[in-house]
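Novice: Produce the complete structure using the sequences and hints provided.
Listed here are the chains, written in short residue letters.
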Amino acid sequence: MSDLALNAEHVADAHDDHGHHSSLGLSNAKLAMWLFLGSECLLFGALISTYLLSVANFIREVVAGNPEVIDTMGVGSPIMAEIAEAHSVEPMFDIPFTSASSFILLMSSLTMVLAHKAVSEARYRESRIYLGATLFLGATFIAGQVYEFTAFYREGLTYTGNLFGSAFYTLTGFHGVHVSVGLIMLGSLLYLSMRGRLQQDRAETVELVGLYWHFVDIVWVLIFTIVYLIP
Amino acid sequence: MANSATTSTASHGTHGDDAHGAHPTEGQYWIVFVALAVLTAVEVGWSFIGLEGVALVLPLIVMMVVKFLLVGGAFMHLYFDTKIPKGGTFVALFAIGLILALMVFAATISAFEWHV
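Line order of the protein sequences matches chains A and B. The first sequence stops at residue 231 when you use the numbering used here, and every number in between is there. The second sequence stops at residue 116 when you use the numbering used here, and every number in between is there.
It should be emphasised that the hints constitute simulated quantities derived from the structure, not laboratory data. Every residue, glycine too, gets a C-beta built ideally from N, C-alpha and C. Please note that a few of the clues may not be correct.
[What the hints assert, rightly or not] These stretches of chain B come out as covered by chain A in the derived footprint (C-beta under 8 Å, 3 or more residues):
no. : stretch
1   : 77 to 88
2   : 100 to 112
[Claimed, not checked] From the structure, some residues in chain B lie toward chain A, with a derived Cβ separation under 8 Å:
no. : residue
3   : Ala55
4   : Lys67
5   : Phe68
6   : Phe94
Specialist: As C-alpha cells, then:
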C-alpha cells in the first residue's frame with residue numbers, strides 16, 4: 001500500500017513538472033521553442049540573402065573597371081566562374097573537408113535523437129553515451145570550423161578585407177555561435193544526467209534541446225549547399 | 001492495486017510519446033541518417049562532375065530540400081506531431097518563420113540577373 005502511495009505521489013509530482021500546457025493541450029515550452037525556431041528561420045534567411053547579395057556586390061567591385069563585363073555577368077554565366085577563379089574565392093573552399101564536417105553534424109543529429117529516445121524509455125546509461133557522443137561530434141564540428149577560418153585567414157581572407165569575407169564569416173560565424181550555444185546546453189544535460197537529475201519525466205527537456213540542435217543541423221544543410229557547393 | 005499504480009507510472013513514463021504521437025524506432029532513425037549521408041555524398045559528387053547552370057544548381061537545391069524535410073520531419077518529429085490533435089500548431093509556428101524567410105530569399109534572388 002505504501003508502494004502504491006509512493007507511486008501515486010511520483011505520478012502527481014511528475015505531472016506537476018511538465019503540466020504547463022496551453023489551452024490547445026500542447027506543451028507551452030515546446031510551443032515556445034517552435035516559435036523561437038521560426039524566428040531563427042528569419043535570422044538565417046536574412047543572413048543567407050545578405051551573403052548572396054554581398055558576394056554579387058563583391059564581384060561587381062572586382063570588375064568595377066570593366067562596365068561591359070558588368071552588363072554581361074550574372075549567376076551561372078561563364079564570366080562569374082572566371083572571376084571567382086581569378087580571385088581565389090571558390091578554390092579556397094576545401095569541399096572534402098567541409099563535407100566531412102557536414103557528415104559529422106548530421107551524425108550528431110542522429111545521436112541527439114537517440115539520446116531523447118533513450119531518456120524517454122528510461123535507458124539512462126545509453127542516454128549519457130548518446131549525449132556525450134553528440135557533444136563530442138558538435139565540438140569536432142566547431143574545431144573544424146576554427147581550422148577552416150584559420151586557413152582562410154592565412155590565405156588572406158579577412159573579415160574586413162572585402163565584402164565576400166565579411167558575408168562569409170558573418171553567416172558561418174553566426175552558425176558556429178549557435179552550435180557553441182548548443183554545446184553548452186548539451187553539456188548541461190550531460191551534467192544533469194550524470195547527477196541522476198535527467199529522468200524519464202524530463203524527457204521533454206532533452207527533446208527541446210534536440211529541436212534546437214536539429215535546427216542548427218538544418219541551417220548547415222542550407223549553408224553547405226548554397227555557400228560551398230553552388231558556385 | 002499495486003499493479004494498477006505501476007501501470008499508471010509506466011504510462012506516465014511514455015507520456016511524452018503519447019503527447020507527441022508515435023515516434024520512429026531507432027532503426028528508422030538510422031535509415032533516415034543513412035539517407036542523409038548518401039544524399040550528402042551525391043551532392044558533393046554532383047558538384048564535382050563539371051556541370052554548369054541549371055543542370056548543376058537544380059539537383060543540388062532539390063537534394064538540399066529533401067535533406068531539410070528528412071531532418072525536420074523525422075528528427076524534429078514534425079511529421080509525427082501532425083498526427084496528434086492540434087499538433088499542426090508546431091508545424092504552423094515553424095512554417096510562418098520559414099515562409100517569411102523564403103520571401104526574403106525570393107526577393108534577394110529576384111535582384112540577380114540569370115544567364116543560364
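Novice: Against this structure, judge whether each hint is valid.
Specialist: Consistency of the hints with the structure:
1. Residues of the stretch 77 to 88 of chain B lying with their CB closer than 8 Å to a CB of chain A number 4, which satisfies the three-residue condition for coverage.
2. Given as covered by chain A, the stretch 100 to 112 of chain B passes the check, having 10 residues with a CB less than 8 Å from a CB of that chain where 3 are the minimum.
3. Annotation: B:Ala55 was flagged as interfacial toward chain A, and the flag is violated, the nearest CB pair being 10 Å apart, outside 8 Å.
4. This hint holds: B:Lys67 has a C-beta 5 Å from the nearest C-beta of chain A, less than the 8 Å allowed.
5. For B:Phe68, the suggested interface contact is upheld, since its CB lies about 6 Å from the closest CB of chain A, less than 8 Å.
6. Nearest Cβ of chain A to the Cβ of B:Phe94: about 5 Å, under the 8 Å cut. The hint holds.
Going down the numbered hints, you'll see the structure goes against just number 3.
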